[in-house]
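Trainee: Chains as they are written, first to last, in this note's numbering: chain Z, 33 to 171; chain S, 33 to 171; chain L, 33 to 171; chain E, 33 to 171.
Just so you know, these hints were derived from the structure itself, not from any lab.
A pair holds if it fits inside one copy or across any two, identical chains being indistinguishable in the list.
Here are the simulated BS3-like cross-link-like pairs (lysine-lysine), alpha carbons at most 27 Å apart as the crow flies: (1) 101 to 149; (2) 37 to 131; (3) 144 to 37; (4) 144 to 63; (5) 131 to 63; (6) 131 to 149.
Keep in mind the model is a prediction, meaning the values are calculated, not measured.
Residues per chain, in single letters:
Number of protein chains: 4
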Amino acid sequence: MDLEKMLNSSPYHRWLGLQMELVGENEVHIKMPYRQEFAGSDEGINIHGGIISSLIDIAACFAMMNATKRDTPNLNLEVHYTRMAAAGDELIAIARTLKAGRTLGIADVEVKNQDGKLIAAGRSLLSTAAPERKTLTKK
Amino acid sequence: MDLEKMLNSSPYHRWLGLQMELVGENEVHIKMPYRQEFAGSDEGINIHGGIISSLIDIAACFAMMNATKRDTPNLNLEVHYTRMAAAGDELIAIARTLKAGRTLGIADVEVKNQDGKLIAAGRSLLSTAAPERKTLTKK
Amino acid sequence: MDLEKMLNSSPYHRWLGLQMELVGENEVHIKMPYRQEFAGSDEGINIHGGIISSLIDIAACFAMMNATKRDTPNLNLEVHYTRMAAAGDELIAIARTLKAGRTLGIADVEVKNQDGKLIAAGRSLLSTAAPERKTLTKK
Amino acid sequence: MDLEKMLNSSPYHRWLGLQMELVGENEVHIKMPYRQEFAGSDEGINIHGGIISSLIDIAACFAMMNATKRDTPNLNLEVHYTRMAAAGDELIAIARTLKAGRTLGIADVEVKNQDGKLIAAGRSLLSTAAPERKTLTKK
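Here chain Z stands alone, though its shape is the one from the complex:
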């Protein structure tokens, strides 16, 4: 099973419409096109913060799974919202591992819009203690 298949094996990921854009040595990029239910309000001017925090949670996890070839559940999540994402924006999450230890890992995520503007910065601590997945291969 590769990371792209794993990304699509979750009902919530599919609802979010996530697309694996890049799986690199120490980096994954996940793209999220807009859908109307992402709107924070009926005026529909911005993307809801919860959608952005979800994207960060997921990107951090996939960066760590890529680095460790393990299932790596998020233990905590820290998000700073830096700029409102406009309704209609296509967002991309760029996630890298800062540490990938035997029991714990840390991943950093930047969420940017299609113009490269920083929308949010996130960090997550993840458990890396699960046994290695033999079938988890790079894209």
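Chains S, L and E: place on chain Z using the hints.
Mentor: Chains S, L and E only, in chain Z's frame:
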């Protein structure tokens, strides 16, 4: 406009199916019944962490709006996942303000399942600098 | 070895002048009288944030050691500064465990001044995986 | 007044023995040689986490002051401890601004030992709303 109407005025909130259970002096309770798209995986055994972080983001914001009668956008979000929420669980977020200052506020949120077990604990810093909403009244 | 002795067995704790005020069922209180080196500036009007974050780190750890009878190193630390502590203030940290699991625990800390005003709120994730200390007894 | 003078104008900074190593376009480096009171325990094998969180708090603030020419008090602080710092280690904090807005800024800090190993990673949200210091010039 009351908090309950505001909760229902967001497409994402409606998709999440959020219900305002209680608006108290320094406390709001928001209930979130299960829907299938919340599942973290196709095996469908747990609720996705992004759903839980969304619930925390929203509950923190509503506790602060209730305390300040202002629109109070979240600036940051810190979430600790303490126990896996099972698919099918009905979750409740209990949010309280720790500080509600002139420019900044802090809200604490506990997410519990129907058995009262702690699923996640969150904290959010919010901006309280917007002008007061004359029409924001308690439920 | 009791918690009070442990508190005094660290050179940094002694420099900070920490005093164990209370060891309760799920709560420890640690007092920190003022010393001149705590000043954030030569004008000497406030206590440095690093002193306050140190107090939070320590109080979280002692609450978790009390709950688990183990050495529980801090893995992360989140601090929100809510009010400037004035030079001369005697601060108290009130720490409680939110979770004390087999491998991880979470502790919450409030730092207050002598008037009961909230100076900072902190949360820490700690490792609880170390073997139990047979000699760690309650005060 | 330059940043180096400001670093030395705080009693707590002087006690920590902080040295400004580099003030760059978007980066400050602050060095902290060891002193015995930094020890976490009388066995003296590690540097106390509170010392490291203090260094992160300070480095974040100086990176933001450098970027904004303003006094920029820390509002919050998030620290992940990644590796024990050994007693005797000389630590260096490398701080960069991720955002420097009109009212808020975010700074990232990495603390490394003399071998370049990552000891801790921190992030801080700071207020940037104070008036500009006319006399705050680059080193």
